[in-house]
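Single-letter residue listing:
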Amino acid sequence: MNSGEECPRTEALSALVDNELEEPARRALDAHVAGCAICAPVLVQFRQLRTGFAALPEPVPGVDFAALVDRRIGAAGVPKPKPRPQPQPQRWRWWQVAPAALGGALSLSLGAYLGSALMLGSQVAARPVALQMAVFAATPPGALCPALQACKPTGR
Amino acid sequence: MLASDGPDEDWVRRAQAGDRKAFSELVRRHQDRVYRYLLRMLGSHDDALELTQDAFVKAWQALPLWQPEAQFRTWLFRIANNTALDALRRRKLVEFVPLEDGFDAPGPGPDPERQAQATQEVRKLEASLRKLAPEHREILLLREVEEMSYEEIGRVLSLSEGTVKSRIARARAALIEIHARSRR
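The listed protein sequences derive, respectively, from chains A and B. In terms of numbering that gives the first Met the number 0, the first sequence has 9 at position 10, counting the first letter as 1, and numbering is strictly consecutive. In terms of numbering that gives the first Met the number 0, the second sequence has 71 at position 72, counting the first letter as 1, and numbering is strictly consecutive.
None of these hints come from the bench; they were simulated from the model. Glycine included, each C-beta is placed from N, C-alpha and C at the ideal position. Accuracy of the hints is not assured; some may be wrong.
With a straight-line cut-off of 16 angstroms between C-alpha atoms, the simulated EDC-like cross-links for lysine to aspartate or glutamate are [said to hold, decoys possible]:
1) B/K20 to B/D9
2) B/K130 to B/E176
3) B/K123 to B/D85
4) B/K20 to A/D63
5) B/K20 to B/D4
6) B/K20 to B/D7
7) B/K57 to A/D69
8) B/K57 to B/D85
9) B/K20 to A/E22
Rough simulated footprint, nothing fancy, chain A against chain B, three-plus residues with beta-carbon under 8 angstroms [stated by the list, open to error]:
10) 16-28
11) 69-78
12) 163-176
Construct the entire structure; sequences and hints are all you get.
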């Protein structure tokens, strides 16, 4: 038993009386109560209280509530139980989806525009590569001869 | 046709469909317990008579909200307890409890033998119970008279089991204290 606990252990004793204490704790508390001058009388009082409640008279109303209640239910003011309202499928309303549709269309247009601009840019960027590659082509860029001397007839 | 000793839940389903006879069967099954609980909460036979009817009418109206996993008795006591607390608040009796008044039970009424058997100690216990704070009184009645488990009490009062455990202990200690004072 934890030495930090205080006596009387009212809560645990109350649960013990109610048979709501788990087995290891129950056994430990039983052992504690057997030697504790503070907890033992509290447990006795709790048990006496239980005996007192068991002896309480059970007054009977002497009234048939079923008939009284049925009469009240039958009266105009008391509605019949209605089934729990089921979530209704929402009606489609075009104006509720219009902003989303417009946004989607704008996004698509913007995407298409940006995509085409990128494609155009890639063609522009490809040109220098084409020029560079042209060095290896049979015809020099601009159809100019890179070695004028070689092209010139030597006259030999 | 349902057997009259069938489980509450079968009758509740029929009552949910609007069968008032099925609901009457449920009322008959639980009326005495609900009445006694309200009698001890309110301390007045007339109030208990009126509020027992109110509780059952509220139960009828709330039937569509009943879930099969909830025990009907627990569900009904939740309604009865709320009805009692509302009445106590409305009548401003929560703080005021006459200390020396006798228990306004149905007097020498229908069961005089049992009345005669009631010991002085039992009367004192009833008087002490009336002096107890409503939140202590309700939990002790549910535990000691209705013999509900901590779990069931938790469902009736919307409390965790840990809170039920500690509140019952405090309620018992408070009742013993009141009882001891009345003896002095």
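Exercise for review: Run the structure past the numbered hints and jot down the numbers of the failing ones, going up.
Suggested key: 3, 9 and 11
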